[in-house]
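**Student:** What follows is each chain in one-letter form.
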Amino acid sequence: MPRIGVYICHCGENIAGAVNVEEVRKYAEQLPEVAIARDYLFMCSDPGQELIKQDIRAGLVDRVVVAACTPRTHEPIFREAVAEAGLNKYLFEMANIRDQDSWAHWHDKEGATAKAKKLVASAVAKAAFLEPLEDRFVEVTPAALVVGGGVAGMFAALDLAGMGYQVYLVEKNPSIGGNMAKLDKTFPTNDCSACILTPVMVRVGTHPKIKLLTYSEVESVEGSFGNFKVKVRRKQTYIDWDKCTGCGDCVNACPARIPNEFNEGMDNRRAVYIEFPQAVPKKAVVDLEHCLNCGKRTIGTAPRIHSKTGKPILAPCERACKTGACDRSKAYDPEGEIIELAVGTIIVTTGYRVMDKAPFKEYSPQSPNVVTAMQLERILSATGPTAGHFERPSDKEKPKTIAFVSCVGSRDKRHHTYCSKVCCMYMLKEARLIKEKYPETDIYIFFIDVRTAGKDFEEYYNYCRNLGIKMLRGRVGGVDELPGDRLRVRAYDVDLGAPVELEADLVVLATAIEPAPGLAELGRKLGITCGSEGFLKEMHTKLYPVETPVRGVYIAGCAQGPKDIPEAVSQARAASSAAAVPLTFGKIVVEPLISEVNQRKCSGCGTCEKLCPYSAIKLVEDKGRLRSHIDEALCAGCGVCAAACPSGAITLHGFTNAQISAQIKALAS
Amino acid sequence: MKIGFFVGCNTAFNRPDLEQAVRYALPALGVELDNLDGQSCCPSWGTLPSVDVAGWCAVGARNLALAEEKGLDIVTVCGSCYGSLAEAKYKLDHDPELKTRVNELLRNIGREYKGTSQVRLAHYYLDHELGPDRIREALKYKLDGFTIALQPGCHSLWPSKVYFDKEEDTFHPRVLKEMCEALGATVGYYTRLLDCCGMGAMRSADMEKSFHLVEKKLVSMKEEVNPDLLVTGCSSCLLQFDTAQKFLQKDKKIKFEIPVLHYMQLLALCLGADPEQVAGLAETNVRSFIDRVRKE
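First to last, the sequence lines map onto chains Y and W.
Mapping of the first sequence onto our numbering: residues 26 to 694, in sequence order.
Mapping of the second sequence onto our numbering: residues 971 to 1266, in sequence order.
It should be emphasised that the hints constitute simulated quantities derived from the structure, not laboratory data.
A virtual CB, placed ideally from N, CA and C, is assigned to each residue, including glycine.
Do not rely on the hints blindly, as some may be mistaken.
[As the list claims (entries may be wrong)] Computed Cβ-Cβ distance ranges for the label pairs, DEER-style:
#1 Y:E314 <-> W:P997: 51 to 59 Å
#2 Y:D381 <-> W:R1264: 48 to 56 Å
#3 W:H1064 <-> Y:S640: 36 to 44 Å
#4 Y:V645 <-> W:P1066: 49 to 57 Å
#5 W:P1102 <-> Y:I283: 55 to 63 Å
#6 Y:D160 <-> W:H1064: 55 to 63 Å
#7 Y:Y357 <-> W:K1084: 53 to 61 Å
#8 Y:D292 <-> W:K1084: 52 to 60 Å
#9 W:G1115 <-> Y:T408: 49 to 57 Å
#10 Y:Y357 <-> W:G1115: 31 to 39 Å
Turn these sequences into a full structure, and let the hints guide you.
**Tutor:** What follows is the structure, given as structure tokens:
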């Protein structure tokens, strides 16, 4: 017969303030199979744990119930204490009489006490049916995958590679660098973005432990924590990268003109192009969708032969290429190449995109002089469409008056309810860069709230105000086009309590940060979910900010939510450290609180396979019949399969039918 | 083609010449009018819509039911009627609880709202059902060489989701412009096109502010378009622009006058209507504009 010890925690006043602990203790003492019931001020403290250990060592108890706070934070501590005293750690059960009782029923002491009794009785009833279980271990593949080659992804990759692990960095664009590569300067120190980012990109490109897979996307993810099997689709570049030197001769020869994504559509690139001057790898790709097939040189065909000279007729890009990297006889292959990777952990750093101006019809998006802040960033950048000359798009004139509009698409229930977090600072930064270079420029920032929380940020804001940048509190209602390519900004000045109008040469919209396109689909492949705003959800906002509910998958940077560069880098380095723990340990613990199929009872109906949210269940053929098979490493122990199995063939260890029934009976009695 | 003509109080009591214009122009284009006997207040903004949503929708639904019983769409020339009726209809069609409550009220008078009739603004109806070409063919007088400035009216545009006839881009409205161009006129863009004219509650509550808005609009269109005529799509805008100018002139706020007509008045004139009948109550000098048109 089990000898159950019940230990009731006062949690200072947290529990004892609402629950009559002594009454509960007396009640517990007389429950069947309870050998001992004790109470203590703080059960999780050293002396509290010692009480439990002594009773186990003295042979008084062989099952432990602690009635205290939440198992989410405290179960591991008590399990360890139980194990230290020589008992199997799964012979332990917790009753949550704080979060789910004393806190919830603080003003009903009698009710709280009665509920505590029920909860304790229920835990005791379950404890009688507890079985000893053993942890298992799985070997870990000592390699990691980082998805997204922006600043967060690069730091995550460098950290892991620096620890000696093989890292695969997948980036969907031809070059790494991400959005940060587009920025001119970065707040709060106004470092030149390219100057601080390029060395990092080069380090990533040359690190012997980092395998760069650019122009590639994650196709599928299988396997589980410690041993993921990832398929990556490498898009066809139609340029032989082994031969390409990045000289750009083919680019200069190409006659096609397509809006340049890197310059936010403000100038044109060619159909064969290198993404930007500092690209890593600095290689060309052919954008077949916009290729003009000069000289009828469609990809994958042999060149026609000139009737007089007898020489092959080549496209200009081919003729320009000195190394033979550009060869249009190369097979047409839109499917690209599938590369299979084996990794132990995965970090997702897919970043963000900025909203386009088109949805904001009230702000005259058809005017070339209404630009997004990212477009202004390119206008200010030396590698941008104006080569760093400060010009407005319509007529290349230097703007004399500039209006910034904040919260465009952010904090707006029509678009995104969240604050994009970086806009206040980047508006101030862009305004300051302009004002410092051209002090005669009149700059207005229309804001709802100035949010400059962060180290050195408020000082930055005050510095900008002292420079003479004018801050106006009030929402901008509309922007009209005026003759002479000018714009009229109409706003409501909350401080004046009146509508105001401003004529400007350039209007800058601080458009919202949005999740990168395809993030939800990538999330589905990985088994992690997006929140209502579309960013990836972390396991716990405060305590597990880079972990996800799928073990072995970590997130960092703007894939998790809007954030600035310092924060994205900190988070990336946190994620790399979290992802390195299992790689370093070399094996991972698989908790035994998972489901198991009784193969003799299983009818192979497949109900469980469809329901499993972790894709842990597969139907496997066994002696000509289908049987449900659970991948122990993938199973998260949610119990959906056990509850749904029509044959009762699935047992969820730690939550068996006998244990649950006993709990319910105790609660209902 | 037959429609239920919802006259609206501004038109019936303040500008019956506009009512005459509708009664001339639509039949001339082959659209038969039903008087929707028993039609009441729409009810207008500032009355029931401000204080009692169910009451508003019940009065609106009663008007709509009159058209439904005859299987007709409602056509009006007033932005307020258009907005109030369309918004009430939108609410009723999207809120089953409200619809039930309103139909309980209507049962007392033996009527029921079903949601089968649409609410249309006259020039949108003409644009979508006849098209500019049919109108062009029917004209007796053309406006070639005349420049027009527009006042579409806010209720014809927003909230766009409640309207059956939609603009592709409400910030760049197309329909009134194309309907004026169909008459042969040149339509000029001015930057305060979408501004409020100051009519409605503001005109009742704060005349000075209201006139300040209409002044800004008039100055903008004078400077940027210098039109021969201002054309409104809404009877309330018509009243505001037609009556405010003499006050502004007296206060020396403006030194010019722009004649003002509702689109349906202009259309009736171009179709050959008697100016006294369809524009006789204008306070601005539309007569000289009409004479010029007839002389050309």
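**Student:** Each of the hints needs a verdict: does it hold here or not?
**Tutor:** Outcome of the hint check:
Evaluation of the 51 to 59 Å hint for E314 of chain Y and P997 of chain W yields a pass: the beta carbon distance comes to about 55 Å. Our hint of 48 to 56 Å for D381 of chain Y and R1264 of chain W holds, since their Cβ atoms are close to 50 Å apart. Between H1064 of chain W and S640 of chain Y the Cβ separation comes to about 40 Å, which falls inside the hinted range of 36 to 44 Å. In this structure the supplied range 49 to 57 Å holds for V645 of chain Y paired with P1066 of chain W, their Cβ-Cβ distance being about 50 Å.
A hinted range of 55 to 63 Å is violated for the C-beta pair P1102 of chain W and I283 of chain Y, which are about 37 Å apart. Evaluation of the 55 to 63 Å hint for D160 of chain Y and H1064 of chain W yields a pass: the beta carbon distance comes to about 56 Å. Look at Y357 of chain Y against K1084 of chain W: about 59 Å separates their beta carbons, and that is inside 53 to 61 Å. The hinted range of 52 to 60 Å is satisfied by D292 of chain Y and K1084 of chain W, whose Cβ atoms lie roughly 57 Å apart.
Look at G1115 of chain W against T408 of chain Y: about 52 Å separates their beta carbons, and that is inside 49 to 57 Å. For Y357 of chain Y and G1115 of chain W, the hinted distance range of 31 to 39 Å is not satisfied, since their beta carbons lie about 59 Å from each other.
In the structure shown, a violation is registered for the earlier hints numbered 5 and 10, in ascending order.
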